[in-house]
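Chemist: Keeping the supplied structure of chain A fixed, place chain B upon it in accordance with the hints.
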Amino acid sequence: MIKAILVFNNHGKPRLTKFYQHFPEDVQHQIIRETFHLVSKRDDSVCNFLEGGTLIGGSDYRLIYRHYATLYFVFCVDSSESELGILDLIQSVCESPTIWSLAVKVHYILSELVMGGMVLETNMTEIITRIEEQNQLEKQE
Amino acid sequence: MSQIMEKTLASLPKLLTQSFSGGKNMKPTKGHPPSQEVQLFMKVVHQARSKSQEANIVQTELSSIQQKLKQSDLIASLGLVRSSFTKIIFCHLLNYDVSCAAIHAVNLAQQGHGYEKRLGYLLSCLLLHPQHEMVMLMMATLIRDLKSANMANNCIALMVAGELVGEDNVPSILPEVIKKLRHSHELVREKALHCLRAFYRSTPSLLQPYLPQLNTFLASRDPGILTAVTNLFLILCQENAARFVNLGPSFLHILDQINHRGFGTNYYYHMVPLPWLQVSLLKILGCLGSMDAALGKAIAPLLQVLIEKTKVSEPISLAVLVESVLTATQINADEELLHLCSRCIGKLLSSDASNGMKYQGLRLLISLSRVKPSFAAQHQMAVVECLMDEDPAIQIRTMHLLHAMANQANVKAVCARLLEQMNKTVDRQFFTEAVHMISDLAERLAVDIDWYLDTYLNILDQKLSSQTRDDLIDLVISRMEKVSVDNNSISSDSLQKLIAALLRVINNYDSGQSVILLSLQLFGVLAPILGEAFSSTSFLFSAETLVSRLVSEWQQTKVTIIKPLSPSCKEVDDSHFENLINIQCCCLDTISKLVLSGSLQVDCVKEWLQTHKCKLLKHPSVSCCLDELEELLQHPEHLLLTSQIVFHSQKTELDMSLSFLDKLVVQNLLHGGGILKPMYIRLSEEKASCQVVVPTSSNPLDFPESGFSPLQSSAGENGNSTSLVSSGMTSSSLRTKNKWRDEEDEDEEHFLIVGGSDDESQRKHEEIAQELFAGLGEVGLTKVIGKVSKHPSKNNTKKWHNMWDDDDDQNHEHCITSSLGLHPFGICKKAQSFSRWHDEDVENGNLSCSLNDDSGLGFISSKSETVLSPLAPVSRLAESPMCNSFDSAHEDVASDTNVLYRSCPGAYAESTGYNQPVLSIYSEGFADFNLEKLNYGMTNPASASASTIDALTDSDPEGADS
Numbered sequence: 001m002i003k004a005i006l007v008f009n010n011h012g013k014p015r016l017t018k019f020y021q022h023f024p025e026d027v028q029h030q031i032i033r034e035t036f037h038l039v040s041k042r043d044d045s046v047c048n049f050l051e052g053g054t055l056i057g058g059s060d061y062r063l064i065y066r067h068y069a070t071l072y073f074v075f076c077v078d079s080s081e082s083e084l085g086i087l088d089l090i091q092s093v094c095e096s097p098t099i100w101s102l103a104v105k106v107h108y109i110l111s112e113l114v115m116g117g118m119v120l121e122t123n124m125t126e127i128i129t130r131i132e133e134q135n136q137l138e139k140q141e
Numbered sequence: 001m002s003q004i005m006e007k008t009l010a011s012l013p014k015l016l017t018q019s020f021s022g023g024k025n026m027k028p029t030k031g032h033p034p035s036q037e038v039q040l041f042m043k044v045v046h047q048a049r050s051k052s053q054e055a056n057i058v059q060t061e062l063s064s065i066q067q068k069l070k071q072s073d074l075i076a077s078l079g080l081v082r083s084s085f086t087k088i089i090f091c092h093l094l095n096y097d098v099s100c101a102a103i104h105a106v107n108l109a110q111q112g113h114g115y116e117k118r119l120g121y122l123l124s125c126l127l128l129h130p131q132h133e134m135v136m137l138m139m140a141t142l143i144r145d146l147k148s149a150n151m152a153n154n155c156i157a158l159m160v161a162g163e164l165v166g167e168d169n170v171p172s173i174l175p176e177v178i179k180k181l182r183h184s185h186e187l188v189r190e191k192a193l194h195c196l197r198a199f200y201r202s203t204p205s206l207l208q209p210y211l212p213q214l215n216t217f218l219a220s221r222d223p224g225i226l227t228a229v230t231n232l233f234l235i236l237c238q239e240n241a242a243r244f245v246n247l248g249p250s251f252l253h254i255l256d257q258i259n260h261r262g263f264g265t266n267y268y269y270h271m272v273p274l275p276w277l278q279v280s281l282l283k284i285l286g287c288l289g290s291m292d293a294a295l296g297k298a299i300a301p302l303l304q305v306l307i308e309k310t311k312v313s314e315p316i317s318l319a320v321l322v323e324s325v326l327t328a329t330q331i332n333a334d335e336e337l338l339h340l341c342s343r344c345i346g347k348l349l350s351s352d353a354s355n356g357m358k359y360q361g362l363r364l365l366i367s368l369s370r371v372k373p374s375f376a377a378q379h380q381m382a383v384v385e386c387l388m389d390e391d392p393a394i395q396i397r398t399m400h401l402l403h404a405m406a407n408q409a410n411v412k413a414v415c416a417r418l419l420e421q422m423n424k425t426v427d428r429q430f431f432t433e434a435v436h437m438i439s440d441l442a443e444r445l446a447v448d449i450d451w452y453l454d455t456y457l458n459i460l461d462q463k464l465s466s467q468t469r470d471d472l473i474d475l476v477i478s479r480m481e482k483v484s485v486d487n488n489s490i491s492s493d494s495l496q497k498l499i500a501a502l503l504r505v506i507n508n509y510d511s512g513q514s515v516i517l518l519s520l521q522l523f524g525v526l527a528p529i530l531g532e533a534f535s536s537t538s539f540l541f542s543a544e545t546l547v548s549r550l551v552s553e554w555q556q557t558k559v560t561i562i563k564p565l566s567p568s569c570k571e572v573d574d575s576h577f578e579n580l581i582n583i584q585c586c587c588l589d590t591i592s593k594l595v596l597s598g599s600l601q602v603d604c605v606k607e608w609l610q611t612h613k614c615k616l617l618k619h620p621s622v623s624c625c626l627d628e629l630e631e632l633l634q635h636p637e638h639l640l641l642t643s644q645i646v647f648h649s650q651k652t653e654l655d656m657s658l659s660f661l662d663k664l665v666v667q668n669l670l671h672g673g674g675i676l677k678p679m680y681i682r683l684s685e686e687k688a689s690c691q692v693v694v695p696t697s698s699n700p701l702d703f704p705e706s707g708f709s710p711l712q713s714s715a716g717e718n719g720n721s722t723s724l725v726s727s728g729m730t731s732s733s734l735r736t737k738n739k740w741r742d743e744e745d746e747d748e749e750h751f752l753i754v755g756g757s758d759d760e761s762q763r764k765h766e767e768i769a770q771e772l773f774a775g776l777g778e779v780g781l782t783k784v785i786g787k788v789s790k791h792p793s794k795n796n797t798k799k800w801h802n803m804w805d806d807d808d809d810q811n812h813e814h815c816i817t818s819s820l821g822l823h824p825f826g827i828c829k830k831a832q833s834f835s836r837w838h839d840e841d842v843e844n845g846n847l848s849c850s851l852n853d854d855s856g857l858g859f860i861s862s863k864s865e866t867v868l869s870p871l872a873p874v875s876r877l878a879e880s881p882m883c884n885s886f887d888s889a890h891e892d893v894a895s896d897t898n899v900l901y902r903s904c905p906g907a908y909a910e911s912t913g914y915n916q917p918v919l920s921i922y923s924e925g926f927a928d929f930n931l932e933k934l935n936y937g938m939t940n941p942a943s944a945s946a947s948t949i950d951a952l953t954d955s956d957p958e959g960a961d962s
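First to last, the protein sequences are chains A and B.
Mapping to UniProt numbering: the first sequence position 36 is 36, numbers consecutive.
Mapping to UniProt numbering: the second sequence position 748 is 748, numbers consecutive.
Source of the hints: derived by calculation from the structure; they are not laboratory data.
Heads up, a few of these hints could be off.
Ranges of calculated distance between the beta carbons of each label pair, as one might list FRET restraints [said to hold, decoys possible]:
id : chain 1 : residue 1 : chain 2 : residue 2 : range
1  : B       : Gln71     : A       : Asp43     : 35 to 43 Å
2  : B       : Lys613    : A       : Gly12     : 56 to 64 Å
3  : B       : Val426    : A       : Asp44     : 40 to 48 Å
4  : A       : Asp43     : B       : Lys68     : 47 to 55 Å
5  : B       : Ser538    : A       : Asp44     : 40 to 48 Å
6  : B       : Asp461    : A       : Asp43     : 26 to 34 Å
Glycine is no exception: its CB is placed at the ideal position from the N, C-alpha and C atoms.
Just chain A, with the same shape it has in the complex (with noise of 0.2 Å):
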């Protein structure tokens, strides 16, 4: 299961946080200041799982990260998910840059994507007609 999505920038500083564990606010602080510390120091050639980090879920615990220009893009989960599939997943939240513009937006499409830490089956246009869907159905207010 996913525990957290992160993004920061190349200084830590946080653009998008969601934690789908509940955290304590100082805890959310710590781990994101850990997961930036392990890893900026990566180098870019190296591969984007990580294991470690003493947070979240102990030796259970694993980051799958991609870096992007300025920002990274870290998913904290647990052994049982598919890291290949989740570093995929994060090619396409990110592969829009246009998506960073609008705060709620961003979380909108997050939470048609990932939904109690669980994959939804990720289909850009899927993501779409679904959020569509949900408009006609406002509308039928």
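Modeler: For chain B alone, coordinates are given in the frame of chain A:
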């Protein structure tokens, strides 16, 4: 980029400008890209020059928003509400504290409609969590929205309920959610299932009565519902697979449907149909297949198709492939499928693959080598390369692999690697894992006592937490106690060495405190069997230097403590003092024990105490120990009773089952607590499946049944039994030999073998491989430089073209390694995969040149059967864990060896062959053989005996040599 992605990208702007803000058909008053005001605010924030400036802007804006929200009616001023909430969410995104807006969000969710309601819910989800007090306020709203006839409200409420409703509130909302399972629209049913999954995580017991209802959803045709219900079943199966085994065929059917294009192209993602659902299904099938052999058999063909047919063009298809292999390793698959997996892993590990792929390959190899350790040996060079990789993540994974494939033959090399890695790493998490892995290996696989202690001394030399340190010391002490009780298990020679080593540790100024602590305690433990081996003067001398050293350390720290210290520094010092005191106590304790056992003369000790008493620290615990010792010394007549003192009596009246705690344990279990498993048991459980040659033993702390047995069987026995078997069984062994080779056509292939290579680094890698892969089924290491083959592995040619690409007319003899057009993920194009494949043929092919004996001799041969590595017997045995069946003739042989083996328990000491690697490896092999015989001693299908015979006969020429 795929067409779908292009389409997606093209449609995104549309999505962003229209759908969220109401869609193109909305009235202009409602439709809006975020208002001018919001855009302006975002722009200002983005243009901020410094962090503090940005914070300033945000804070000012937030306080003004709060003012406005307080004053105005939420519903009356829609525009204001929208822009304010959007700004708040934007600030939250930038990680500013906006918790003050939570109450407004809750209100908006309650009072708003449509878009506003969703905004309210969204912000509530961001700011609240299940334990938050304001969730109570949300409950009424949620239930109302669930009851509403509006589908949009139903959906959003179900989503939010899944995120925000915690343990306490589930009962009140559950009935409504269950009702939604029968809603007419798929979307609502799907969301209800997601919501139930979230509830199941927090309160599994409440949902039990509703679980049977879920089965019907497996027949659904809607991928959304299938995904939701599969994810829910995934949790259920991981908890209790046995309960859902009967659903296996349904899951299999769904997976089959997906792969037969049953769900239309709408659900393709990078050309893969429903990949996430596939991965979840494969996980479930892995769980269920491991429980039920029939189901496992049914799954196997589908897995084979998946592994063969999956085209690795995108990471997501690789994800499905990896998951398929993982499942295949869980379902007790047959040889053929496992070989397929092994080849697939070979591709992932190939040297031109990207790091990400190697990482995945290692993970699969760990899982595969748990099923059958010999598979790891097929990829030895690749693994060694991973070991040298610069990427720490890959190094760590490789370490886990080494741990998984350790056996008695390679345990020393593996531990040495682990220790080396442990010293290098900066990752605390891995460090602790490594400590546990090494101690696990030492406990399970240690072949001799020197190495065992040495390993522990090495680990204890590291910076460990005091808890871990004490645990480890306890482990060693309890093991050594057992050894010392069983007098025969240590020869006087090795005891002498042991004592010398321990004294060295104590005398060494650089020794860490935990190492000294352990050494001192060990003297106490060994006291009863020390006898003449022990020189009292040298021990007392060491004790003296130790005590004086402690005093000087004590004084040094005292000096530093006078200076003002930070709290953390003080903590360190406290633990340092504690350690010093501990060591002194321990030292006195040990002296008492030695006096009691008669190893130290009372007079000597008295004298010693007189001179050095002043050096002891003034601390209650130390004085206490000192008093005890003095008391003992003053009544030497008591020492006459020594003969009656039983050290470490097995009959001690200790309630080791801790039955007096039963009540507490039961209480805890009733409250839902898990069953405690100590780390070493957990580790050994993980390893249980890959136990190769380790005899079963009720207590994980025991050495294989008779002390350090593997080395005990003497050279004479080997000769004996080998000749017995070989004389009788030569003919059959020749016939059966092939069965245990990897390639069936190996005999038809001829190799030109050249031992030795010019390339230094290559040689180094090979040496490492030799060490690490000892006893793993492959014959040591081979160097095949030229291959003259008339039959380019015909068996597999056709099949394997499919795995990575469809082009059938590639000539695999041509190795083109240019890397054109690398995929972003680093998936290599055809040419590369073919070159790899060629290598693999070589690797999997006949292994005939062995450089594998420790004395460094190389055996060069052109025919595989004639020369075999000395490790062959061990490895063959390792390969067939059930080689416990013999027909009557072998039964005799086996029992012969057993008798021999049992009748000379001291053989270890006398065996001159111990120092000769070849012999020691042999004796290992035979000890294993015997033990397995002892433990299982029952008859099984005759096929298994072949390997044993094979091994025995193979070993003959070597045995004669030595």
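Chemist: Run every hint past the structure and note whether it holds.
Modeler: Hint by hint, here is what the structure shows:
1. B:Gln71 - A:Asp43: 35 to 43 Å: violated, 53 Å
2. B:Lys613 - A:Gly12: 56 to 64 Å: This hint holds: roughly 58 Å between Cβ atoms.
3. B:Val426 - A:Asp44: 40 to 48 Å: violated, 20 Å
4. A:Asp43 - B:Lys68: 47 to 55 Å: With a Cβ separation near 48 Å, aspartate 43 of chain A and lysine 68 of chain B satisfy 47 to 55 Å, so the hint holds.
5. B:Ser538 - A:Asp44: 40 to 48 Å: Distance hint for serine 538 of chain B, aspartate 44 of chain A is violated at roughly 58 Å.
6. B:Asp461 - A:Asp43: 26 to 34 Å: holds, 31 Å
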